[in-house]
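**Q** Each chain, written out:
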Amino acid sequence: MTVTSTRQAEIFVDPDVPLVRITREFDAPPEKVFRAHTDPGLVVQWLGPRGYEMRLDHFDCRTGGSYRYLHLADGEEYGFRGSFHEVRPSEVIVQTFTYEGMPDGVALERMVLEDLGDGRTRLVATSLVDSFEGRDAFVASGMETGIQESYQRLDELLAG
Amino acid sequence: MAADPLSRVFSALADPTRRDMVARLAVDDATLTELAEPYEVTVQAVSKHLRVLEDAGLVSRRRDAQRRPVHLEAEVFDLMTKWIERYRREAEQRYRRLDDVLQSMPDDVAPVPPATPPQPGATP
Numbered sequence: 001m002t003v004t005s006t007r008q009a010e011i012f013v014d015p016d017v018p019l020v021r022i023t024r025e026f027d028a029p030p031e032k033v034f035r036a037h038t039d040p041g042l043v044v045q046w047l048g049p050r051g052y053e054m055r056l057d058h059f060d061c062r063t064g065g066s067y068r069y070l071h072l073a074d075g076e077e078y079g080f081r082g083s084f085h086e087v088r089p090s091e092v093i094v095q096t097f098t099y100e101g102m103p104d105g106v107a108l109e110r111m112v113l114e115d116l117g118d119g120r121t122r123l124v125a126t127s128l129v130d131s132f133e134g135r136d137a138f139v140a141s142g143m144e145t146g147i148q149e150s151y152q153r154l155d156e157l158l159a160g
Numbered sequence: 001m002a003a004d005p006l007s008r009v010f011s012a013l014a015d016p017t018r019r020d021m022v023a024r025l026a027v028d029d030a031t032l033t034e035l036a037e038p039y040e041v042t043v044q045a046v047s048k049h050l051r052v053l054e055d056a057g058l059v060s061r062r063r064d065a066q067r068r069p070v071h072l073e074a075e076v077f078d079l080m081t082k083w084i085e086r087y088r089r090e091a092e093q094r095y096r097r098l099d100d101v102l103q104s105m106p107d108d109v110a111p112v113p114p115a116t117p118p119q120p121g122a123t124p
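Each protein sequence line maps, in turn, to chains A and B. Heads up, the final residue of the first sequence is numbered 160 in my numbering, and it's a clean run with no missing numbers. Heads up, the final residue of the second sequence is numbered 124 in my numbering, and it's a clean run with no missing numbers.
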């Protein structure tokens, strides 16, 4: 289903495969949006969740490259890493994403940039998780007290 | 049909007629006949839609009452929409920070940073 808000991020949650898609438009040409996804000095300014310090271990955004970064909050460290499978400037980034606390879990992420003209870009970011387990866990525990934990776990699996 | 509970909810709401039925049940309980009224389909077809919503846990029907009104299980519905909306909001917050970064960048920026030899483990 789709939740739409004007000019804001739109979300699509696929009913048949464990997939989440976010669509968002930017007042900047594809070159700029791409650079903000590949330049480590820029990435660190926006990618981390609010309230967390984001520290890059390495971030080599090119085909065959890899990344690892840490989110730091309240003395806790959360590590994330993955490989850049395909990177084409101003067009597409295909990468894997793993939370190091669940090293067997991996999401396949595709970010596609569409040139809308007039210096505008549409970003379509799709995350495909490798099982419905996260969603099951959410429903099973969501009715009770474990809602925050399951939210957190889902976020870790799904968040890009 | 997808096997896990949340996927069943997503599947159930993927259909525009069922989404409309849920929107109407959010206002008040209704009988099958009342639900079928605005649609140009048979009561049987609406009954099928209703069964999908029931299987997903989104609606229930009281067994004891004569009219068997359909009741929206708002808790299940809210939980799912909250989960989706929370995820969307986090993405929106992230991309608002990206808006700021894009504004601060020079207009003639190259899509790729200048080439540097890969330095695994290095902190920029």
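These aren't lab readings, by the way, just hints derived from the structure by calculation. A quick note: this is a predicted structure, and the numbers were derived from the prediction, not measured. Using N, Cα and C, we set each Cβ at its ideal position, and we do this for glycine too. Take these hints with a grain of salt, some might be off.
Pair by pair, the computed Cβ-Cβ distance ranges are [to be verified]: (1) A:Thr96 - B:Glu37: 49 to 57 Å; (2) B:Asp20 - A:Pro89: 16 to 24 Å; (3) B:Asp108 - A:Glu114: 19 to 27 Å; (4) A:Asp115 - B:Pro106: 16 to 24 Å; (5) B:Asp108 - A:Arg55: 44 to 52 Å; (6) B:Val41 - A:Asp27: 25 to 33 Å; (7) B:Asp55 - A:Thr63: 43 to 51 Å; (8) B:Arg61 - A:Asp27: 44 to 52 Å; (9) B:Arg24 - A:Leu72: 44 to 52 Å.
Beyond 12 Å from chain B on every Cβ pair, some chain A residues (computed) [what the hints assert, rightly or not]: (10) Ala73; (11) Glu114; (12) Leu123; (13) Ala125.
**Q** Now tell me, hint by hint, if it's right for this structure.
**A** Going down the list of hints, with the structure as the test:
{"no.": "1", "hint": "A:Thr96 - B:Glu37: 49 to 57 Å", "in the structure": "50 Å, holds"}
{"no.": "2", "hint": "B:Asp20 - A:Pro89: 16 to 24 Å", "in the structure": "44 Å, violated"}
{"no.": "3", "hint": "B:Asp108 - A:Glu114: 19 to 27 Å", "in the structure": "21 Å, holds"}
{"no.": "4", "hint": "A:Asp115 - B:Pro106: 16 to 24 Å", "in the structure": "19 Å, holds"}
{"no.": "5", "hint": "B:Asp108 - A:Arg55: 44 to 52 Å", "in the structure": "30 Å, violated"}
{"no.": "6", "hint": "B:Val41 - A:Asp27: 25 to 33 Å", "in the structure": "44 Å, violated"}
{"no.": "7", "hint": "B:Asp55 - A:Thr63: 43 to 51 Å", "in the structure": "45 Å, holds"}
{"no.": "8", "hint": "B:Arg61 - A:Asp27: 44 to 52 Å", "in the structure": "50 Å, holds"}
{"no.": "9", "hint": "B:Arg24 - A:Leu72: 44 to 52 Å", "in the structure": "48 Å, holds"}
{"no.": "10", "hint": "Ala73", "in the structure": "15 Å, holds"}
{"no.": "11", "hint": "Glu114", "in the structure": "15 Å, holds"}
{"no.": "12", "hint": "Leu123", "in the structure": "8 Å, violated"}
{"no.": "13", "hint": "Ala125", "in the structure": "8 Å, violated"}
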